[in-house]
Structures are given as structure tokens and as C-alpha cells.
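Order-wise, the sequence lines are chains A and B.
Numbering-wise, our numbering comes out as the position in the first sequence, counting from 1, plus 33.
Numbering-wise, our numbering comes out as the position in the second sequence, counting from 1, plus 38.
Be careful, since some hints might not be right.
To be clear about the criterion: a stretch of chain A counts as covered by chain B if any three or more of its residues have a C-beta under 8 Å from a C-beta of chain B, and this derived list gives those stretches [said to hold, decoys possible]:
id, segment
1, 44-54
2, 61-69
3, 105-113
4, 166-175
5, 189-200
No farther apart than 30 Å at their CA atoms in a straight line, the calculated lysine-lysine pairs in the BS3-like style are these [as the list claims (entries may be wrong)]:
id, chain 1, residue 1, chain 2, residue 2
6, A, Lys77, B, Lys415
7, B, Lys415, B, Lys396
8, B, Lys113, A, Lys83
These are computed hints drawn from the structure, not numbers from a lab.
Cβ atoms here follow ideal geometry from the backbone N, Cα and C, with glycine treated the same way.
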Amino acid sequence: MEKFTKLISRAVPLATENIDTDQIIPARFLKATDTLGFGDNVFKDWRFHKDGSINESFALNNSNYSGSILVAGDNFGCGSSREHAAWALVGYGFKVIVSSFFADIFKGNALNNGLLPVQVSEDFLKSLLKELQDNPSSEVIIDLENQTMGSPIGNTTFEIDSYKKTCLINGYDDIDFLISKKDKINAYEATL
Amino acid sequence: MGKTLFDKVWDAHVVDSIENGPQVLYIDKHLIHEVTSPQAFNELKKRGIPIARPDKIVATADHNTPTINQHLPIKDELSRKQLEQLSINCKENNIQLYDLGHKNNGIVHVIAPELGITQPGMTMVCGDSHTSTHGAFGTIAFGIGTSQVAQVFASQCLLLEKPKSLRVSVRGKLKKGVLPKDVILYIISKLGTNSGTGYFCEYAGNVFEEMSMEGRMTVCNMSIEMGARGGMIAPDQTTFDYVAGKEFAPKGLDFDKKVASWKTLPTDTDATFDKEYFFEAEDIEPMITYGTNPGMGIKISQNIPDIEDRSFEKSLEYMNFKKGESLINTPINYVFIGSCTNSRIEDFRVAANYVKDKQKAANVHAWLVPGSQKVAKQIKDEGLQTLFEQAGFVLRQPGCSACLAMNDDKIPQGEYCVSTSNRNFEGRQGQGARTILASPLVAAATAVEGRIVDIIKHLN
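Looking at chain A on its own, in the form it has when it is part of the complex:
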């Protein structure tokens, strides 16, 4: 997993609430047996009309917006457990998702792929979305070490599990950790 410490980037505002993983990556693209190529189909049915033409009004198609931070409405990533949603966002180039609320399974999947979910207050999110829409060149600074986020509308802090933080900063994943617990797992199994 890629290491994550600090990121300074412009951000894409996507002011829709309850964005489910079916929107992030529609089911018809889940037929692959590897983790590559999903970025091409991220938000496919929002980026393109059914006839294949580009939906100009969608945030990701707005040439004013760029950067590796996606700022999205409340309850991001609800629905299906498909990790393909995280692979698609990472594949497209996002490194951070900012929202006022994340669905559980998505949050875990994101962290397991070096994609940082940053949860902010509803008011902060609202102001940030407006700022990015008004001034698309505004930059956002994410500092994982200090758990802070800086922006033209002000600074805020965010929460992250200390174990997961260590994993992200060092590029570790849970498999290494769990295998290191082999003796304890064997001891538990002996009691079954």
C-alpha cells in the first residue's frame, strides 16, 4: 500500500448526498478479477449519458475543477460492500475523500487502499463546497500526522483510528499484522 503523510491539492466539489457505491462503480463493471482499470468507469453513469456523450454538468467533467481530493455530500459510500468503489476512486486519481459522514464498509475499504476519508462537520463541509464552487483554484492541505485540514475557509481537525493512521503513514496493511498474531489465533482455535 502507498504511504500517505501530507497532501496539498485542489479539490473537486460534488455536492450530492447519499452517494452509494453503485454510483461510484456500477455493477456491470464488477466482472474483472483484478483491481486495475476501475478508474476509467468511476461515476460512469453520472459522467456519461447513456448514448456515451459527456455529461457536461457533472463536477468531474467541469474543466475548472481538478485535484486529488473529492469533497462530497453527507453519507458518502453507502450501499454495497464492493471494494471496487475504492479501487475506482484511487484509479481515477483521488487520494482523499472529504465528507460529513461516511458509510462503515466504504470507510474501511478506503483505508485499506491508502485512500483517506476525512470527516468534517456539516457546516464546514457546506462552506468548503461553496468555496470550491466559487473559487475552483483554492487549495486544500491534508496533514495526516497532525490530523489537520487547511483551506481558505479555515482549518479543522479530523479523527482517525491510531492503528489505521500508523498503517497509512508506513504503508502497512492488516494482513501483516494479523499474521503476526498467529500464536494467539492458534491458541484461540485450540479452545473451540
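Model the placement of chain B on the given structure of chain A, informed by the hints.
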């Protein structure tokens, strides 16, 4: 202080705890399918890690399988390759696979309970968010991502933070025509799609106690639609009777011993929850959804609410509905009875009972998809297939089908589908398709009438 059902099962499975961090939780059963497992197998192979406990894994092909002509080679190349990969991975790793055509094949959340794989007090996971279904047995069961599938492969454990506890109680007597699906759609319409995020939910009260196991599974199945990772119902005699005699259930003295331990699982009377909600059964009516998330549900007799909100309005635009309108008499051309929510024998009994001596409306394409080979056989053995055929319906072969439209069972652009599945997200049943969630009774009535009807008036 007393413990909840969830606490008892969770605490019994903790292998280790990290200070100020997650816990290592032991997993008793790991269910896998073709869509969310291949990348996990690749990961282990790449790192040279063997699968820790293949004997605790059960595989089935369900998400991406055709529901007609299952004996023929699959036409879609990517789908065929994905299924072939599952067979190869299971064979290489000595994992039990119920492949297409096997008598135990079917939707993962339908087959595990009917085979007795699901048992009270277990921890169960699957790379599928509707794994919450198995909570109907008093089991901690939840959906995981593919990285976590790889973690369970490698260690038979997961690293998790213990969720908070939530209890939803429904007491009283349900009205005629109100099914378990209506109960859970009602709860989600009241609580919203993220009220359960961060929580594990217990359903309590006489309404759930009086439900069959099939009904309890329908309820627990949709826990994730209010954000809860899982839902549970305390095991009781109904549970024990269901499990008894199933293929992989303990037998004889072993079973009696298990029952004695399962009886200790229900929540202690002095246990407390982080959050509690109470509902009256008499307030619940047959439900339908009008929007693009499962929380956007109303009683079938109600009108769409008038809410000033951009996301709400965007959702109605997608559905081509207007604020304040009633859905009664909306013409419907597609009906789907199936999915891990409502494809068990009881669901087909309800539907068959309604369509008996009636005829499917000429405008309706109805897809009736049993959850498993066993359910399909039962439909035939009980004579329900004949009733369906006489009413003009055709039964398809088991699988997830039009619930997520990964196979060819797609609802066309712009069409409404009254569906017994669990999600009405944009495009869920096909690009541009418009899903209306409902019970098998409402779905059957829609198929006969060709439009949405006020089922309560209709039954009287």
C-alpha cells in the same frame, strides 16, 4: 451490568485487543462468491500466504450467473471467466464450492441458512453487504470488502473496532397484508439510511418473535440499508426448529448441547443499548418506495412527501415522480420477485397464493427468481410452480439476477420495476431503470393488475 446478545457473541470471539485500537475477531464461517473474492485470492498468491482455514469457507456462484439455460456455457466472456476463476481458486485451495447447477447452489444468503451452515452464536462474514441476513439466527454476520476477504483467508480473523449497540423494538399486532418486508421498509423510512452507521442493531419485541425464520432474514437483510453493519434477532425455539435436521447442523446430543448454549445468548434484561427506538405494529402498513434510496418509503396509501431539498428533488426527477402525488394506479411493466431479501419459499407461497386463479397483466414482464436450487425444488414440490404457470408466470433459475443486474436480467431505461429486492439506487437494476421496493404480496398484485394498487383495499 447485563450483556446484549451482540456483546455475548462478540466477546466470545475476541482473540486479542490493541490498546486504543481495534480488536482481533475470530470468524467462524466465511462465505465467498465470484465477484468479491478473486482479487483476495490474487493477493495471497502474490504474497505467498496460504489460506489459513479452507474448511471454514463455503463458496457459491450467484451474483453474475444467468437465470435461464444454466446448463449451457455462459455467453458473456467476462462473466464466464469470473466464474471459471472461482472454480479454479476453490479447487486450488480445497474450498467447498456449490457451482452453477449443483443442488446446493443459490444466493449465498439463502443457501447458508437452508444448509444449516448458519447457526446461532457464530461470527460470519462475506464480501457482500447483505451478509447481515444471517443475524436472523442470533449470529454476528456482516459484509466486508475484498481486502478483508484476504485478511480472513490469511488468518481466519479480522481487525475491527467494536460497533456501538442499537435496539429497534416493534410491539403489537401487524395488520392483514403487512409482511416482514413492510416492517423493515417502515423502520428505514422512519430512521433514514445512515441512522445505524457505526452500530449493530438488535430487533426485539413480539413482532419479530412471532415471525418465521424467513421473515426474520428479510428484516435482518436490510439492516445495512439504514447503515447498520448488521442486525440480529435473539435465537428461540423457532430458530432451533429451523436449524434442526439441516445438512450441516449438529446432530443428536451435539445439537442438544448447542441448543443449551444458544439459549444463553438473548440480551440480559438489565443490559443497556447506546440507542433505542420503539414502534407500534398497528402503525405499519404495506410500504413502497418512491425515491432512490431505501429510506424514501411511504405507506402504499400515502402521497409522496413535499420536502425542499436538492438531493430529494434530484431523486424524484430520476424517478419521474412529483412531490405530493400518489403512486396508486401508476402503470408498471416490470415486476421482480427474488434477491437475498425475498426469494425464500415463504415469499413464493405469498405470491402464489395471490396469483392463484388470476392472470398476469398483459403489459407486465415478471421475473420470478428463486433464491436457490432447494427453493426452486420446493416451489415445484408444493405445486406452486403449476399455480404460477397457470397464471401466466415463468419461473427462472436461481441467482441474484435483477437485484443488481450484473447478468442479462436488466430493467430497460426509464421503466419502473416493482421489486422485492433491497436497493432502489439509480441504475441498480439496469442503466436508467427505476426501482420501487415492495413486499412479495405487493409485487404479485402489481404483476396481476399491471399497476400499483392499494393492497389493503384490494384484499378486503
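Query raised in the report: When the hints from earlier in the document are held up against this structure, which numbers fail?
Result: 4 and 6
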